[in-house]
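Chains A and B are the protein sequences, given in the same order.
Start counting the first sequence at 307; every next residue gets the next number (this note's numbering).
Start counting the second sequence at 342; every next residue gets the next number (this note's numbering).
Quick look at which bits of chain A chain B covers, simulated, 3 or more residues with Cβ under 8 angstroms:
{"hint": "1", "stretch": "334-344"}
{"hint": "2", "stretch": "347-353"}
Pairwise CB distance ranges, derived in the manner of DEER restraints:
{"hint": "3", "chain 1": "A", "residue 1": "422", "chain 2": "B", "residue 2": "484", "range": "50 to 60 angstroms"}
{"hint": "4", "chain 1": "A", "residue 1": "395", "chain 2": "B", "residue 2": "485", "range": "55 to 65 angstroms"}
{"hint": "5", "chain 1": "A", "residue 1": "329", "chain 2": "B", "residue 2": "380", "range": "25 to 35 angstroms"}
{"hint": "6", "chain 1": "A", "residue 1": "333", "chain 2": "B", "residue 2": "482", "range": "36 to 46 angstroms"}
{"hint": "7", "chain 1": "A", "residue 1": "335", "chain 2": "B", "residue 2": "369", "range": "33 to 43 angstroms"}
Worth flagging that the hints you see were computed from the coordinates, not collected in a lab.
Note that the Cβ used here is the ideal one computed from N, Cα and C, for glycine as well.
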Amino acid sequence: MFLTLQHDDKRPIYQQITDGIKDLIVRGELREGMTLPSVRQVAGDLGVNLNTVAVAYRQLQDEGFVTVRHGAGAAITSRSPHPIEQAELYKPLRTALTELVLSGLTGREIVETVREQLALLQQKGGTR
Amino acid sequence: MSAPSVGGVYVFIICLIVPVFTYALVKHFWNAPLQNGTGYFFGVEVPAGFYDGQGRRWMTGYHALLAALYGVWAVALGAIVLTRWWDMTPMWAGGFALLFVPAMFAFQAWTRHKLGVNPPVRPVALALESRRLGDYISWPAEALAVALVALSWWLLLRHAGAHFDWLTPLQFTWAALGMIPGKMAMVRLSFPLPAERTEERYRFQNAARRFWIRLSGILFEWFLVVVLFGGALMHALSPMRPAPVWRWLVLACCYAVWGYGMIVLFRGMREMKAMSADLRPSGSWKTPFGRSSCFGMSRAFQIWFAIWFGGILAFILYPLCKARF
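Build the full structure now, drawing on both the sequences and the hints.
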């Protein structure tokens, strides 16, 4: 199972790792109980600082996607993370919608795009 | 049947080493810069037509380096044979390896410095599978190697005479047991994975990691452990005047391990070449986060290699310095 990090991605590295792992969880490729490689291994494989990977893992832990046990690595906990406040949950959605509106798409086109993307996500992950 | 003489043993060693090194030169080293095709020189991407112009000079330079290294090797062998100074055989074989490995590393580093200063940036993939030491290293086998070394030292301490040269078993112990942390560093050695053909590249990297761990375990750990244990056993048996067959048996065991190592080496090299033939080599691109390295990214491996190799070098140079001053 692989996670790809693009060279033209503007997000910080730790965010790319966090989002990539979350994406794999949503798609059902990373299941509960599966372990992630150690911080040292990920940092070595990517050629990035240990702290960068540690921040990504800590964020995943804070959001309830993984549990980090000292010496045993990080394990995927479940596909339903800790509840996040609705306002927090909608923030990235609002940002994405703003971008789509600014790009000149109509309301109907945006709804259609969201529906397509959601269908794609559900198809990959087998979620309902 | 008489026991093998020291000179006879060394002639036998020479007869084994010469064809192996010659085969390696012809089959692997001579065209090593072209192992990834004409689009690359030692893993560094080169423009089309490179080998019609600048590339020819690079190939000539590389072949000149090989000729010089093998020339030194051949002249040293000639001197040993002519003077019948067979005791110099280990120095000749080991010295060549000590000269050859850094020279090849230096040439590749020079190539990257001159031809691959600014490789293209490409997306990088991350394998989400843990590499555990136990998946690559057999701990019972390592425990057996340590036990054999300990037993060898016990035998030597009990039976070696007053004029025994302790430097050789020390050197063998250093080189053999030093491979255990070396193997651990190799498990953790990592190369960036390209985002294209990631699965194949990952399989190749994993196979290469297993191959190098296995090969170094046979040639640098088990071969030396068997030689050390065989030598210690002969010392322990010498007051009982063992039959020559025992000496031949010890010698046969040493060379069985060496021969097996050579089979693993050449078969593995062929398999690695076939697996990586059409894959983008490490070092021909860089990740969004920094330089891609053809020598691997693990600092632990570099530190281990410097200490291990430096130790072997010190063991070789110490008697020479002692004799001179």
